[in-house]
Structures are given as C-alpha cells and as structure tokens.
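Using the sequences provided together with the hints, build the complete structure.
Under our numbering, the sequence shown has 73 at position 73, and the numbering climbs by one with no breaks.
Worth flagging that the hints you see were computed from the coordinates, not collected in a lab.
Misleading hints may appear alongside valid ones.
[Claimed, not checked] Straight line, CA to CA, 27 Å or less: simulated DSS-like cross-link-like pairs of lysine-lysine: (1) K79 - K69; (2) K22 - K69; (3) K46 - K69.
[To be verified] Derived CB-CB ranges, DEER-like: (4) S21 - L57: 14 to 24 Å; (5) L85 - G16: 36 to 46 Å; (6) T42 - G3: 16 to 26 Å; (7) R55 - R7: 20 to 30 Å; (8) K13 - F48: 25 to 35 Å; (9) A43 - S11: 35 to 45 Å.
Yeah, the Cβ is synthetic: ideal placement off N, Cα and C, and Gly gets one too.
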Amino acid sequence: FLGLDLRISDSGKKKGRRCLSKRGDPEARRLMHNAAMSARRTAAWKGFYEALRARGLSTTEALVALARKLARVVFALLKNQSEYLPKGI
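Have a look at this one:
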C-alpha cells in the first residue's frame with residue numbers, strides 16, 4: 001500500500017529492470033524514505049543498513065529495503081498497539 005514493492009519486467013530469458021511500483025500514497029512513501037535515511041544512522045538500524053550495503057545493494061536499494069522493514073515494524077506496532085523495543089530487529 002506504500003508503493004515500496006518492486007515492479008519486475010522480465011520476459012522469457014530477458015531480465016528487465018526492477019523499479020518501485022509507486023502504486024501507493026506518494027506522501028507516505030516519501031515519509032518512509034525520509035525515516036529510512038534517518039534510521040540508517042541510529043544504532044538500532046545501522047547494522048541492518050550496512051549489511052545490505054555489504055551484500056552489494058546500492059544506497060537507494062538499501063534505503064528502500066530499510067523503508068520496507070520500517071513500514072512492517074510500524075504496521076506491527078499499530079496492529080498490536082504496542083511500543084517499539086529496538087532489541088528484536
């Protein structure tokens with residue numbers, strides 16, 4: 001619902017370029033991207049971000065992956081009406 005999923009355009013043996021589907025709310029997507037840019041500098045998320053970069057993902061790809069992870073955490077917090085405990089990442 002945020003448009004942070006990949007749109008894949010493969011055909012036969014041809015591997016197409018992957019890009020964001022952008023099917024969700026653009027403002028929410030922008031806010032999640034900004035949150036990911038901030039979170040990559042925190043102790044709780046820095047290791048996750050650096051692991052993505054070490055795997056060979058570009059800065060943008062790693063930020064999108066972090067934004068997706070943050071979106072899942074936010075959804076779980078809202079669904080369970082609980083508070084964020086950074087230990088269980």
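Hint by hint, here is what the structure shows:
{"no.": "1", "hint": "K79 - K69", "verdict": "15 Å, holds"}
{"no.": "2", "hint": "K22 - K69", "verdict": "17 Å, holds"}
{"no.": "3", "hint": "K46 - K69", "verdict": "13 Å, holds"}
{"no.": "4", "hint": "S21 - L57: 14 to 24 Å", "verdict": "18 Å, holds"}
{"no.": "5", "hint": "L85 - G16: 36 to 46 Å", "verdict": "40 Å, holds"}
{"no.": "6", "hint": "T42 - G3: 16 to 26 Å", "verdict": "24 Å, holds"}
{"no.": "7", "hint": "R55 - R7: 20 to 30 Å", "verdict": "21 Å, holds"}
{"no.": "8", "hint": "K13 - F48: 25 to 35 Å", "verdict": "33 Å, holds"}
{"no.": "9", "hint": "A43 - S11: 35 to 45 Å", "verdict": "44 Å, holds"}
Checked against the numbered hints given earlier, this structure breaks none of them.
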